[in-house]
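Asks: One letter stands for each residue in the lines below.
Protein chains: 2
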Amino acid sequence: MGIAGFGTVGRAVARIVAGGVHPGLRLTHVCNRDVARKRVDWAGPDVVWTDSFQALVDSPVDVIVELIGGHDPARAWIEQALAAGKSVVTANKQVIAHGGPALLREAERRGRHLLFEAAVAGGVPILRGLREGVAGDRLRRIQGILNGTCNYVLTRMESAGLTFADALAEAQRLGYAEADPTDDVDGHDAGAKLAILAGVGLGRVVRVDDIPVEPITAVAAVDIGYARRLGCVIRQVARAELLPGGRGLHAAVRPALVSEASTLGRVEGSRNVVVVDGEFGGETAFSGFGAGGAPTAVAVVSDLIAIARGNAAPPDGWLPASGEPSPVAREFEAPHYVRFMIDDRPGIVASLARVFSHHGINLDAVLQEPGWPKAELPFVMTLEPCSSAAVAAALADAARFDFHVRAPLWLPMFVDRPDAAGGSSPE
Amino acid sequence: MGIAGFGTVGRAVARIVAGGVHPGLRLTHVCNRDVARKRVDWAGPDVVWTDSFQALVDSPVDVIVELIGGHDPARAWIEQALAAGKSVVTANKQVIAHGGPALLREAERRGRHLLFEAAVAGGVPILRGLREGVAGDRLRRIQGILNGTCNYVLTRMESAGLTFADALAEAQRLGYAEADPTDDVDGHDAGAKLAILAGVGLGRVVRVDDIPVEPITAVAAVDIGYARRLGCVIRQVARAELLPGGRGLHAAVRPALVSEASTLGRVEGSRNVVVVDGEFGGETAFSGFGAGGAPTAVAVVSDLIAIARGNAAPPDGWLPASGEPSPVAREFEAPHYVRFMIDDRPGIVASLARVFSHHGINLDAVLQEPGWPKAELPFVMTLEPCSSAAVAAALADAARFDFHVRAPLWLPMFVDRPDAAGGSSPE
Numbered sequence: 001m002g003i004a005g006f007g008t009v010g011r012a013v014a015r016i017v018a019g020g021v022h023p024g025l026r027l028t029h030v031c032n033r034d035v036a037r038k039r040v041d042w043a044g045p046d047v048v049w050t051d052s053f054q055a056l057v058d059s060p061v062d063v064i065v066e067l068i069g070g071h072d073p074a075r076a077w078i079e080q081a082l083a084a085g086k087s088v089v090t091a092n093k094q095v096i097a098h099g100g101p102a103l104l105r106e107a108e109r110r111g112r113h114l115l116f117e118a119a120v121a122g123g124v125p126i127l128r129g130l131r132e133g134v135a136g137d138r139l140r141r142i143q144g145i146l147n148g149t150c151n152y153v154l155t156r157m158e159s160a161g162l163t164f165a166d167a168l169a170e171a172q173r174l175g176y177a178e179a180d181p182t183d184d185v186d187g188h189d190a191g192a193k194l195a196i197l198a199g200v201g202l203g204r205v206v207r208v209d210d211i212p213v214e215p216i217t218a219v220a221a222v223d224i225g226y227a228r229r230l231g232c233v234i235r236q237v238a239r240a241e242l243l244p245g246g247r248g249l250h251a252a253v254r255p256a257l258v259s260e261a262s263t264l265g266r267v268e269g270s271r272n273v274v275v276v277d278g279e280f281g282g283e284t285a286f287s288g289f290g291a292g293g294a295p296t297a298v299a300v301v302s303d304l305i306a307i308a309r310g311n312a313a314p315p316d317g318w319l320p321a322s323g324e325p326s327p328v329a330r331e332f333e334a335p336h337y338v339r340f341m342i343d344d345r346p347g348i349v350a351s352l353a354r355v356f357s358h359h360g361i362n363l364d365a366v367l368q369e370p371g372w373p374k375a376e377l378p379f380v381m382t383l384e385p386c387s388s389a390a391v392a393a394a395l396a397d398a399a400r401f402d403f404h405v406r407a408p409l410w411l412p413m414f415v416d417r418p419d420a421a422g423g424s425s426p427e
Numbered sequence: 001m002g003i004a005g006f007g008t009v010g011r012a013v014a015r016i017v018a019g020g021v022h023p024g025l026r027l028t029h030v031c032n033r034d035v036a037r038k039r040v041d042w043a044g045p046d047v048v049w050t051d052s053f054q055a056l057v058d059s060p061v062d063v064i065v066e067l068i069g070g071h072d073p074a075r076a077w078i079e080q081a082l083a084a085g086k087s088v089v090t091a092n093k094q095v096i097a098h099g100g101p102a103l104l105r106e107a108e109r110r111g112r113h114l115l116f117e118a119a120v121a122g123g124v125p126i127l128r129g130l131r132e133g134v135a136g137d138r139l140r141r142i143q144g145i146l147n148g149t150c151n152y153v154l155t156r157m158e159s160a161g162l163t164f165a166d167a168l169a170e171a172q173r174l175g176y177a178e179a180d181p182t183d184d185v186d187g188h189d190a191g192a193k194l195a196i197l198a199g200v201g202l203g204r205v206v207r208v209d210d211i212p213v214e215p216i217t218a219v220a221a222v223d224i225g226y227a228r229r230l231g232c233v234i235r236q237v238a239r240a241e242l243l244p245g246g247r248g249l250h251a252a253v254r255p256a257l258v259s260e261a262s263t264l265g266r267v268e269g270s271r272n273v274v275v276v277d278g279e280f281g282g283e284t285a286f287s288g289f290g291a292g293g294a295p296t297a298v299a300v301v302s303d304l305i306a307i308a309r310g311n312a313a314p315p316d317g318w319l320p321a322s323g324e325p326s327p328v329a330r331e332f333e334a335p336h337y338v339r340f341m342i343d344d345r346p347g348i349v350a351s352l353a354r355v356f357s358h359h360g361i362n363l364d365a366v367l368q369e370p371g372w373p374k375a376e377l378p379f380v381m382t383l384e385p386c387s388s389a390a391v392a393a394a395l396a397d398a399a400r401f402d403f404h405v406r407a408p409l410w411l412p413m414f415v416d417r418p419d420a421a422g423g424s425s426p427e
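Protein chains in written order, with the working numbering: chain A, 1 to 427; chain B, 1 to 427.
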């Protein structure tokens, strides 16, 4: 085997292989830009170190591990490796989310493998779990906390009362967030992973760009507090759900309230979890370290072992072969949390209640904590289950009032009980 | 395929197969004692219903699903099926825990499969997760909540303040406990499952009878309360851990205190969870419904699909082929919880403290809730990490005091924090 990209994950893969976890694995080539500075002696005396991917492709290795990340040139490299008759193991969510079906067809045509367990939720063996572990079920929904940076930030806002900015700065200081955390915070990272999960678990081709994403940046300390009063926490939730009657699916990544006691609500720090709901097996959850060199390397090495043992699942079933993307419904039904920030005066609740009522939405509760200035007063309305489109329309309507100090924040409340079948019941 | 044993799980398997989850599966034979009363029309018009296992073996089915349960005659039937060149899928923990290695060798010799995902934790795909999902890791420890009956009883004692007897009666009324729950409550059920987990995940042959089990019957309402004061809950914990330097392993099933906030502590009702600790991947958890017809059937059908797809893992790696059982150490190090029930008088704490001190054990805390009669007063001592043998010796020593109204209950406290995995940079 050869490794392309000798960063944190690449080194961790080499370490595990050098440690002899599986005697059938042997590292013979490492390819990296400016490879001299990457060379380590513990990888073995026979390893060929090269700057050239072509040299790796021309070598006799049977499997190439792609760990350079990003879409380009990674995708072209994977194509090149498959064309040369190599199997490929990758941790690259961008390449798989955008080009997975085509690459898998190519692997199938060549009689080679393309495995990518590490592309979603790092060390959590969720893709194999979906394809094989719960193969006997008919899955309806997949929900996950797929971005460790967001989860770290939100749980620190909760546990230490930090502001979003301070929690993010702390995460960066501790290495839990990149210098540029845009992709994490705005949901694009989790969106790519969700597209892969929907493909493997629900059998639907989902275009990454069709998945709506909402950033977690608008979540403020006051929301964390109100969520707690509702028995909830706020999480960046990635969620894909089949719509009845084959009408495509709903898929989105957004901050949402989830029950404190739920599987999603209980994931802390930089961990990941994926919860699948099946028609027969109910709720099954997989959790663990979603990132970091060593856990991600475990997923890569598990893929390598499957190929070495000869029982890797063939390429054709990983993602739906048909290139026809499923329509992604943006609308969904759920109870909602709406936090207003207002310049207080009499009659505001009544005005808002009238607007919601006009849009056919029932109020569930109005919460207002004491101790805030009247000129910038946060308060919360929770709404009974209703369509997200109705909430958007009602809030567009309510924008005409001049008491808003800031635009309201609205979040769905995914609070159904684990055992409840089908839709969400807020009682 | 043919099914032997058409009870709750068998019917659920037939339902899933009839529902067309996987087009490659076809049910052609059902074998059950007195089969006429089992016949259903939805299974398909071509199904042959028979009382005779021999008829199933003589039929052209390629896979036989064994769901009759118990050790005999199930084991002989599985041998017979393999000898006739059939692959076998079973949910039978007793047969696999006691005879797994020999049966797998036989399957290997015949070039057939023997899969048993449903034998441990029902619908939770933990065996495949261990063998394939975290294959790239080197596992050190496996902990699980593997018995839904015990977990239901303990969580109901917690949440509703029920006595053990009332919680068990409720579980029986609701179908979460058998009419005779002995095997569940005394730990033998979880012990058989732990032996299988240790084989698949830690690569050690463990004789079921070598695994010490402690019943949960001695846990009283007062213990639930004291555990809560310590930030803990009480669970029936199945735990297998490799000892350093290849000195065998520790394995046991017993009630223990675990942190309320831990993965084990958060499993409620009749659910199961398995938490594995790996050298590289840190803590990875798998949870879901550990029993019930439909979830167990999902595991069976997933095994059938793996065989149909041709990527089932070959028999030789499921359990260690060598028949040499690993020595199972009964002793372990942990902080301990000791609850005394005494006829109160001055000097008792001092006397007990002296005994523990004499055995080299440091006290951590003494807890005594008000409101109990002096003549039958429960109080708790927690001990700093020490060997279980020292605790046993100290309590044997303390048995000479005449203030005991009942023998003390001592439980380990498995309260270590989920450790950080190797790397830290999130994605």
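No lab work stands behind these hints, which were simulated from the structure alone. Do not rely on the hints blindly, as some may be mistaken.
[What the hints assert, rightly or not] Computed spacing ranges between beta-carbons, pair by pair:
hint	chain 1	residue 1	chain 2	residue 2	range
1	B	Ala218	A	Ala365	55 to 61 angstroms
2	B	Gly231	A	Gly70	52 to 58 angstroms
3	A	Ala18	B	Asp397	49 to 55 angstroms
4	A	Asp72	B	Gly20	38 to 44 angstroms
5	B	Ala365	A	Gly70	51 to 57 angstroms
6	A	Ala365	B	Gly7	44 to 50 angstroms
7	A	Gly231	B	Ala221	24 to 30 angstroms
8	B	Phe403	A	Ala169	54 to 60 angstroms
9	A	Ser322	B	Ala169	51 to 57 angstroms
10	A	Gly371	B	Ala365	55 to 61 angstroms
Beta carbons are placed, not taken as given, at the ideal position from N, Cα and C, and that holds for glycine.
Asks: Hint says 44 to 50 angstroms; check whether the CB-CB distance for A:Ala365 and B:Gly7 agrees.
Replies: holds, 47 angstroms
Asks: Using the C-beta atoms of B:Gly231 and A:Gly70, is the stated range 52 to 58 angstroms upheld?
Replies: violated, 44 angstroms
Asks: Does the Cβ distance between B:Ala218 and A:Ala365 fall inside 55 to 61 angstroms?
Replies: Violated, since B:Ala218 and A:Ala365 (Cβ atoms, about 45 angstroms apart) do not stay within the stated range.
Asks: Return holds or violated for the Cβ distance of B:Phe403 and A:Ala169 against the range 54 to 60 angstroms.
Replies: holds, 58 angstroms
Asks: Between the beta carbons of A:Gly231 and B:Ala221, is the distance compatible with 24 to 30 angstroms?
Replies: About 26 angstroms separates the Cβ atoms of A:Gly231 and B:Ala221, which means 24 to 30 angstroms holds.
Asks: With 38 to 44 angstroms as the target window, see if A:Asp72 and B:Gly20 comply at their CB atoms.
Replies: holds, 41 angstroms
Asks: A range of 49 to 55 angstroms was offered for this pair. Does it hold for the Cβ distance of A:Ala18 and B:Asp397?
Replies: At 50 angstroms between Cβs, range holds.
Asks: Using the beta carbons of A:Ser322 and B:Ala169, state whether their distance is inside 51 to 57 angstroms or not.
Replies: holds, 54 angstroms
Asks: Given the hint of 51 to 57 angstroms, check if B:Ala365 and A:Gly70 actually sit that far apart at their C-beta atoms.
Replies: Holds, at about 53 angstroms.
Asks: Just to be sure I understand the hint, the distance between the Cβ atoms of A:Gly371 and B:Ala365 should be within 55 to 61 angstroms; is that true here?
Replies: The hint (55 to 61 angstroms, Cβ to Cβ) is violated, given that A:Gly371 and B:Ala365 are roughly 37 angstroms apart.
Going down the numbered hints, you'll see the structure goes against 1, 2 and 10, while the others check out.
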